[in-house]
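Protein sequence lines, in the order shown, are assigned to chains A and B.
Going left to right, the first sequence walks through residues -2 to 114 as my numbering numbers them.
Going left to right, the second sequence walks through residues 7 to 117 as my numbering numbers them.
No lab work stands behind these hints: they were computed from the structure.
Take these hints with a grain of salt, some might be off.
Covered stretches of chain A, as calculated for chain B (at least 3 residues, CB under 8 Å) [as the list claims (entries may be wrong)]:
hint, stretch
1, 70 to 84
2, 100 to 111
With beta-carbon atoms standing in for the labels, derived distance ranges [claimed, not checked]:
hint, chain 1, residue 1, chain 2, residue 2, range
3, B, SER75, A, GLY37, 25 to 31 Å
4, A, THR10, B, ASN100, 32 to 38 Å
5, B, PRO20, A, GLY69, 45 to 51 Å
6, B, ASN59, A, SER112, 24 to 30 Å
7, A, GLY69, B, ALA23, 26 to 32 Å
8, B, LYS48, A, ARG19, 16 to 22 Å
9, B, SER18, A, ASN7, 30 to 36 Å
10, B, GLY60, A, GLY0, 27 to 33 Å
11, B, ASN72, A, GLY13, 46 to 52 Å
12, B, THR116, A, SER63, 42 to 48 Å
Quick reminder that beta carbons are idealized off the backbone N, C-alpha and C, glycines included.
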Amino acid sequence: GAGVSQSPSNKVTEKGKDVELRCDPISGHTALYWYRQSLGQGLEFLIYFQGNSAPDKSGLPSDRFSAERTGGSVSTLTIQRTQQEDSAVYLCASSLVSGTGSNQPQHFGDGTRLSIL
Amino acid sequence: QKEVEQNSGPLSVPEGAIASLNCTYSDRVSQSFFWYRQYSGKSPELIMSIYSNGDKEDGRFTAQLNKASQYVSLLIRDSQPSDSATYLCAANSNSGYALNFGKGTSLLVTP
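Go ahead and model the full structure; you've got the sequences and the hints to work with.
Below, the structure written as structure tokens:
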């Protein structure tokens, strides 16, 4: 079956521009996550969506970052006024809803490699 | 203190040997633990999940969890060159759903 789909796979843009990254989760997965992986760093949690609940935005590094999820499926992560430190691989993951006491495994897309010149 | 810690390696093992990858975590409320494999330039791929103390086996892979020691490990039996990758350990955070990842251990299996 289809996995998590992300686009674009690569994005090069100039400092100060806005970028929009897209994620299409696995069909039937109600939970969606965005992470960031910088060179030599571990994955850093950004934001979490679960169904129609308010998203957990606690990992967003600044107010230049925002995300939305329309219709409980596709999500877009927007970075405004990009800075060079935003350069990283942005990974989207999805999972079935987690139950009390245990988490459903998260499955990752191939990521978007963002380079800010 | 990092929430999930792993030795960065590289860990080098000969083909056919057992590779042992270790991970410690600091948040005692973590209940779910995962091992991901990440090839260079690729996204993380789920290998194992473990939720209870003890061992969990899946093919050549065995995950071990010791909540008292806050320790998770991954054993890879009969290691193959294709197992050469970075292995990421993850534990659920105190939010319950977001994962805290270690920086990964680089494994090299030599023919």
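- request: For the range 32 to 38 Å, tell me whether the beta carbons of THR10 of chain A and ASN100 of chain B fit it or not.
  value: 35 Å, holds
Satisfaction of the hinted span 27 to 33 Å by the C-beta atoms belonging to GLY60 of chain B and GLY0 of chain A: 30 Å, holds
- request: Take the C-beta atom of ASN59 of chain B and the C-beta atom of SER112 of chain A, compute their distance, and say whether it sits inside 24 to 30 Å.
  value: 43 Å, violated
ASN72 of chain B paired with GLY13 of chain A, Cβ distance criterion 46 to 52 Å: 49 Å Cβ-Cβ, so the 46 to 52 Å window holds.
- prompt: Honestly, do THR116 of chain B and SER63 of chain A meet the 42 to 48 Å range at C-beta?
  reply: 46 Å, holds
- prompt: Do the beta carbons of GLY69 of chain A and ALA23 of chain B sit within 26 to 32 Å of each other?
  reply: This hint is violated: roughly 47 Å between Cβ atoms.
- prompt: Mind checking, does the stretch 70 to 84 of chain A have 3 or more residues with a CB under 8 Å from chain B?
  reply: violated (count 0)
- prompt: Between SER75 of chain B and GLY37 of chain A, does the C-beta distance stay in 25 to 31 Å?
  reply: 28 Å, holds
- prompt: Are PRO20 of chain B and GLY69 of chain A spaced within 45 to 51 Å by their CB atoms?
  reply: At 49 Å between Cβs, range holds.
- prompt: Three or more residues of the stretch 100 to 111 of chain A near chain B by CB distance under 8 Å?
  reply: Held - the stretch 100 to 111 of chain A has 8 residues with a Cβ nearer than 8 Å to chain B, which meets the minimum of three.
message: Please check whether SER18 of chain B and ASN7 of chain A have a Cβ separation lying inside 30 to 36 Å.
response: Given a distance of about 32 Å, which is inside 30 to 36 Å, the answer is holds.
- request: Can you let me know if the beta-carbon spacing of LYS48 of chain B and ARG19 of chain A is within 16 to 22 Å?
  value: About 19 Å separates the Cβ atoms of LYS48 of chain B and ARG19 of chain A, which means 16 to 22 Å holds.
The structure fails hints 1, 6 and 7 (numbered hints given earlier, in ascending order).
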